[in-house]
Every structure is written in structure tokens, then in C-alpha cells.
Amino acid sequence: MTMQEFFHMGGHGFYIWTSYAVGTVVFIGLFLMVKFQRDKIIKQLRRRYRQQKSVNEQNSKTTASSNKAG
Amino acid sequence: MTWQWFHRLSSPKWFYQISGRWLPWIMGISLLLFSAGLYQGLFNSPIDYQQGHTVRIMYLHVPTAFASMMFYVILAVAAAVGYIWRIKLAHMAAVSAAPVGAAMTFLALSTGALWGKPIWNTWWVWDARLTSELILLFLYLGFIALHQAFEDREVGDRAAGVLAMVGIVNIPIIHFSVEWWNTLHQGATISKFEKPSMDPAMLVALLLMIFAVLLFCTAIMMYRMRNEVLSREHNKSWVKEVVGQ
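Residue numbers (our numbering), protein chains in the order written: chain A, 145 to 214; chain B, 65 to 309.
Watch out, some of these pointers could steer you wrong.
Claimed, not checked - The list that follows gives simulated cross-link-like pairs (lysine-lysine, BS3-like), each with its CA atoms no further than 25 Å apart:
#1 A:Lys205 to A:Lys184
#2 A:Lys205 to B:Lys304
#3 B:Lys300 to A:Lys184
#4 B:Lys77 to A:Lys179
#5 B:Lys152 to B:Lys77
To be clear, the hints were calculated from the coordinates, so they are not data collected in a lab.
Could you put together the complete structure from these sequences and hints?
Written out as C-alpha cells, the structure is:
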């Protein structure tokens, strides 16, 4: 089988290669989407944890100062 | 005591750890099966005496169609387990199975159209098999949309879970549609009970591709579940450790 015959697929190359192209796009897309989702979640959680940390520090400062005042 | 394994199994932390260890293997084996299956399907298998080369679309069409139904069953069973026993991990599994199943349904439909055009001389017919598979795509999309419609994720889990459980009636309809109704679509080629009516080289290609697709879909579902675990269990100290500050 020559390369040309292989891509020609007996005249049905268009249908076969489009099928496999769509398949490749969907499979790679599924993988990339899940990777992007993970990166996004980790970014969001890191931001959330930093905010919580700074709120906690602020709270402990205010309680410390109010304790002094009291 | 008999329930201990069940609890361990339904622990998001346990799942996150064990899936992290398994996933590289599942992905690796899936990619090996894909390369072997594609080689066998595109180079190393004979043409069909009626359909010529277009039979090679089968090696993508049948595995994705099979996966589209299998992942719906997984989705519905997971939703039911989550609904009945209120197990969080089961709901995470249901939510993670949906996009994978929807993608496989889309592939089954589009490769089917690309196969139908040269062989049936039409992209689409409103017959029982094709219509019920299209309904499957709408069930997946309905599940995803309904789940996202709720502010409270746990209410969404339960509402979308009911849709998933009701929608399972469509699965036997898809499966038996080629027997119950007159249709352009051909019947099953591989069956558990009979000798398959196809060339061994074709059967090898088909089986390799089926396992490749199923493993790949399982891996994607597990990756999605891991994301769900991180996002839903974000208040747990172990998640904070994993994510890092």
C-alpha cells in the first residue's frame, strides 16, 4: 500500500479521516479541559486560603487589642 | 465491619490518594491500546466486502457508542447511590461521568453520520437507533445544565440525580432499538453469546479500540472526580496541604 492509497482509502478518505480527526480533537479536548479545570480550582483555592489567613490574622489582632483595652 | 470497606471506598481523601497512584498507569495503558488499535484498524485489517474502507470508521464508532451507554449507566447508578445513601463521592462520580458520556455520545453520532453518508447515502435518518442516541445526548446535556442551575451544589446533585435515574429507561431502548424497530442501522456484531461474525483482524482492532476508549474515559472521569474532591472538600486540612498556600 502506497501512502497515497492509504490516505485515499478507496475514495472514502474524506469520511474516514474526518471521523478520526473529530475523534482526536474530542479526546485531546477532554484531557485539556480537565487539566485547565484543575489549574483553575487550585488557583481559586490558593486565593481563598490566603484571604482566610489574612482575615484570621486581622481577627486575632483585633481580639488582642480589644483584650488589652478590656 | 462489612461496611468499613464501603466507608473507606466512599472517602474522598482515600479516592484522591489512590487515584493519583493509578491514573498514570490507566492513561499509559490506554495510550498503548490506542496506538495498537489505530495501527490494526487503519493499516492492518482487511476492507469490508460491501463497505470497502469505510468499515474503518467502525473502530471509532462502536467504542464511542458503547462508552456513551456505559457511562450513562455509571452516571445513573452513581446518582442513585448518592441519592439513597447520601454519599458525596457518588455524586462527584455522577457529575464527572456526564461530560465524558456527552463527548462519547457526540462522537458516536458524528462518526455515525460520517459513516452513514457514503453507505446509506444520508447523514441522518429519524429512525429508532439514531433518535434514541440523540435523546441520550440531550439527557447528558440536561443533567449538566440542571446541575449547574442550582446555587447549592448538593441540591443540584439530588435534582440532576433524579433526571439521571429517570433517563436510564433510554438505555435499553437504544440497545434493543435495532431489534424492535425496522431501521437502517445494522444489528450488533459482537455478542456475548455467539461467535462474532467478523474477520479476526477486524475483531482485534475493534476490541483494542473498545478497551482504549473505555480506559481513557475512565481516566478522564477520575481526573474530573479529583477536581470535584478538591473543590468540594476545600475546608479539609488535607486539601489545604495538597493545594499548598
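Q) Hint by hint, which ones does the structure fall short of? A) Number 1 only.
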